[in-house]
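2 protein chains.
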Amino acid sequence: MTTHSKSSKRTLLNWGLFIATVVVVFLLGLLASSIIERRAEAAYVNVPKAEIGQFEPRNEVWGQNYPREFQSYYGTADTTFRSKHNGNATIDMLEVDPRLVVLWAGYGFAKDYKQGRGHYYAVTDIHNTLRTGAPKTPDSGPMPSTCMTCKSPDVPRLMNQKGVAAFYTGTFAELGPEVVNPIGCADCHDNETMNLTITRPALVEAFERMERDIKKVSHQEMRSLVCAQCHVEYYFDKKKVDGAQYLTFPWDNGFSAEAMEEYYDNIEFSDWTHSLSKAPMLKAQHPGYETYMTGIHAQRGVSCADCHMPYKSEGGQKFTDHKMQSPLNNISNSCQVCHREEAGTLLANVYERQDKILENRDKLEELLVRAHVEAKKAWDLGATETNMKDILTGIRHAQWRWDYAAASHGASFHSPVEIGRVISTGITIAQETRIKLARLLADLDFNQEVPYPDIATKAKAQEFIGLDMAKLNAEKQEFLTTVVPEWKKQAEEREKTYDLKPEPKN
Amino acid sequence: MTTHSKSSKRTLLNWGLFIATVVVVFLLGLLASSIIERRAEAAYVNVPKAEIGQFEPRNEVWGQNYPREFQSYYGTADTTFRSKHNGNATIDMLEVDPRLVVLWAGYGFAKDYKQGRGHYYAVTDIHNTLRTGAPKTPDSGPMPSTCMTCKSPDVPRLMNQKGVAAFYTGTFAELGPEVVNPIGCADCHDNETMNLTITRPALVEAFERMERDIKKVSHQEMRSLVCAQCHVEYYFDKKKVDGAQYLTFPWDNGFSAEAMEEYYDNIEFSDWTHSLSKAPMLKAQHPGYETYMTGIHAQRGVSCADCHMPYKSEGGQKFTDHKMQSPLNNISNSCQVCHREEAGTLLANVYERQDKILENRDKLEELLVRAHVEAKKAWDLGATETNMKDILTGIRHAQWRWDYAAASHGASFHSPVEIGRVISTGITIAQETRIKLARLLADLDFNQEVPYPDIATKAKAQEFIGLDMAKLNAEKQEFLTTVVPEWKKQAEEREKTYDLKPEPKN
Chain A
1 MTTHSKSSKR TLLNWGLFIA TVVVVFLLGL LASSIIERRA EAAYVNVPKA EIGQFEPRNE
61 VWGQNYPREF QSYYGTADTT FRSKHNGNAT IDMLEVDPRL VVLWAGYGFA KDYKQGRGHY
121 YAVTDIHNTL RTGAPKTPDS GPMPSTCMTC KSPDVPRLMN QKGVAAFYTG TFAELGPEVV
181 NPIGCADCHD NETMNLTITR PALVEAFERM ERDIKKVSHQ EMRSLVCAQC HVEYYFDKKK
241 VDGAQYLTFP WDNGFSAEAM EEYYDNIEFS DWTHSLSKAP MLKAQHPGYE TYMTGIHAQR
301 GVSCADCHMP YKSEGGQKFT DHKMQSPLNN ISNSCQVCHR EEAGTLLANV YERQDKILEN
361 RDKLEELLVR AHVEAKKAWD LGATETNMKD ILTGIRHAQW RWDYAAASHG ASFHSPVEIG
421 RVISTGITIA QETRIKLARL LADLDFNQEV PYPDIATKAK AQEFIGLDMA KLNAEKQEFL
481 TTVVPEWKKQ AEEREKTYDL KPEPKN
Chain B
1 MTTHSKSSKR TLLNWGLFIA TVVVVFLLGL LASSIIERRA EAAYVNVPKA EIGQFEPRNE
61 VWGQNYPREF QSYYGTADTT FRSKHNGNAT IDMLEVDPRL VVLWAGYGFA KDYKQGRGHY
121 YAVTDIHNTL RTGAPKTPDS GPMPSTCMTC KSPDVPRLMN QKGVAAFYTG TFAELGPEVV
181 NPIGCADCHD NETMNLTITR PALVEAFERM ERDIKKVSHQ EMRSLVCAQC HVEYYFDKKK
241 VDGAQYLTFP WDNGFSAEAM EEYYDNIEFS DWTHSLSKAP MLKAQHPGYE TYMTGIHAQR
301 GVSCADCHMP YKSEGGQKFT DHKMQSPLNN ISNSCQVCHR EEAGTLLANV YERQDKILEN
361 RDKLEELLVR AHVEAKKAWD LGATETNMKD ILTGIRHAQW RWDYAAASHG ASFHSPVEIG
421 RVISTGITIA QETRIKLARL LADLDFNQEV PYPDIATKAK AQEFIGLDMA KLNAEKQEFL
481 TTVVPEWKKQ AEEREKTYDL KPEPKN
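Quick mapping for you: the protein sequence lines, in order, are chains A and B.
Using the working numbering, the first residue of the first sequence is number 1, and each one after it goes up by one.
Using the working numbering, the first residue of the second sequence is number 1, and each one after it goes up by one.
It should be emphasised that the hints constitute simulated quantities derived from the structure, not laboratory data.
Check each hint, because a few of them may be wrong.
As the list claims (entries may be wrong) - As a list, the in silico DSS-like pairs of lysine-lysine whose alpha-carbon atoms are at most 25 Å apart: (1) B:Lys-363 with A:Lys-389; (2) A:Lys-389 with A:Lys-114; (3) B:Lys-471 with A:Lys-363; (4) B:Lys-136 with A:Lys-363; (5) B:Lys-363 with B:Lys-136.
Said to hold, decoys possible - If you want the ones that stay clear, here's a sample from chain B, every Cβ over 10 Å from chain A, calculated: (6) Val-25; (7) Gly-133; (8) Thr-384; (9) Arg-421; (10) Arg-434; (11) Gln-448; (12) Pro-453.
Said to hold, decoys possible - Just a few of them, taken from the derived set where beta-carbon distance is under 10 Å, the chain A residues facing chain B: (13) Ile-427; (14) Glu-432; (15) Ala-491.
Positions of the beta carbon are idealized from the N, C-alpha and C atoms, including for glycine.
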């Protein structure tokens, strides 16, 4: 190539680029104009229509000012995604996995454990579950008022009215007529500024004990912390305030399975005594935030809302989609904002992680069932408290680690390496305990395998642990047809009279 | 804002963009010119200087034509990265982790197992290791010729000369004077086209058995498959060709730990019989490719070379860095090409994954040590073959899964979820086996814990399993000072005479 032809080629290239640039600049002008017009439109649309009082619990009232957020929130009533994937809107986990019945023998979860539905159903489902029993009067159990803490924006209103410790004192039934609006706007938003806000004291108190000031966190952190008000591990502290079951997060030593286990061991806390093994058990609640914090998404600064409530655009307005849901039902707006892979590939990646974790989680369940029945056998053959002490601690620790992994739901995706690690430690402990049980049983002249119980179905498993399901179901039905309608009627009357009604501005 | 001022602002914006564009276009012209000139320079530089014969084993000969690739290949002699991180260029894994000695009792690895150094040391280190013993004559053991397969570009030359099965027949010592050039150019490149090529038959044969044609894979796949010639799980098949120890990859059922275990079980293959437990053991070699294939990097199409041999630019030329090494020593050219995070963050992410895996891998090692000594105790107390059958299978399977995870080196980063899964299954099996051992020992009137051996150091562990290290070391020293120099001398003479010498073109 000569120097001459090289330079004329370059001139041609320059002219081509110049003309292309002129076109691009013109289009940029049009774009800028369109953006400015859309901003004006947005400003016009977002004029508040209703006065929203402090502690306004009714999502419909907030919805008058924020119709898009409100309408999308109503999307949490939608259960078609689950139905499509699982054939049933309300998955009965005890049917799916009857081992759970044995693991929770002696505890409410053995009676009924369904996969949670959307926020819209929070109050309905806490009425429906057999775990809350069938209280006939305000002072009857089995559940304390503290159970209501995460169910409704009526809770900040009641805590303000009664005081926090008083809220935690008394029964679930007592609050029946008060807690009626399902999880919604006032749980996470300030009524004046619409800023995200922490309304539940347990999270604030946990931060204080960790010497962190929750008021100083970033907006991005708040997009996870409002979720962490409820999607966490917690217990009811009966020692803090006399008569109260004080909602407390066991985070003082850290978020890990080991750190929380140590916390509970140190205060000798147990949720219940297992009816077969007599082990002092811990029930992991749903350490979703804790486990998410150990995963790569949290490490990269991705918040809960980024995936579960991604931004959405309608009529020129960008807003947060308040249909909290599995990102797998909304891949284009969640995963694909960052990950440039096909939806099918991303879905397969998630399921692969989950499957690899579930394989060993299921194995650990089987080992725990065995440990419980072997421990029962040892008791039956005359084992002493001294014989059983280490064994029961082993069962407690192994099942805690299983439950930490299992109850944190999304964690086998959020943090598969950590969850795999925890399950491994659970398996080691479960089996170490079973070695001790084998030696003890041999000492008690039973040197053979204890048969695995026939727990092929939920019904068989519930019969095996001695539950009278017909009675429990009948009581619940009566509760739902007599007590709950009465609660709703009282709530309606109350909401008519108190001063939190909507007040249209114009 | 009035319509008038809005439109004049837009005009101003357009002019600003126009001027900026003029500047950018001018700079683009300069850039184009620079690229064209550099291409010319590259064409001038890349004129071959030497004729490279087929099966040319000497990296220095290839290096005359490809000085940049060759110089970077010499970088594999560098061990400063390790020294910096670990305080020693040659990490003695048995010192670091004396449990390994017990796990490999009765097998060569119990004598000596050092972390591999770079390709540059391949031949030196196979001479040095105690595993290859101290053969005095060409027909003495302990190792077969097959051991040399992955050590040198002399191997394709010898396989061409002798035939593949003949290469796999005979001793390691026999090939001593023939295998002298360390892993290099001719192992992966075609001498005519410089294309990547598969030189080792085991990979081609494994693909054939999987009904895949290795000639049809993409260049990107080749950037991993040339590595997979050696960085894989393999065994020596003694049944295929009479007298030969035929190098074979056990991939017929798949790459997973379970699939390869099933393969070995079906052919009743074992690498050795454990000297304590008498279990028929499998030694996982280094299933690096298999485990990498289950991880996210492989799933996203990232090849081995992308991270371990990233592109590099020098004097206007882009070339592949042939210093195969840990990407952690080269984060800016490997990880950061895709991951836009600080090097320190990426490093922490890698170490975190590894630590979470290593915790349970180490635990599994301890459980395996216990299983071996408990099995020995059972034999000592008079256990029968029938008593021990399932127990020995359990030990075999559990240790195979541990070794699959451990020997695949990078796998706790390449595929931490899969490796965590495999380790969990190993723990379950190890402990299930120990439960059986506890029952058997109780039957043999020993219903208590078998003491954990004192294996605090490599020396103590080697004494525990009965190795005479002084003798082994003395023999090796003699071998290194008498036999190896003789091999080198013979090789030098041979290389002087055969027709593969460099022939400068001009």
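key: Structure versus earlier hints - violations, ascending order   = The structure breaks hints 2, 3, 4, 5, 6, 9, 10, 11 and 15; every other hint is satisfied.
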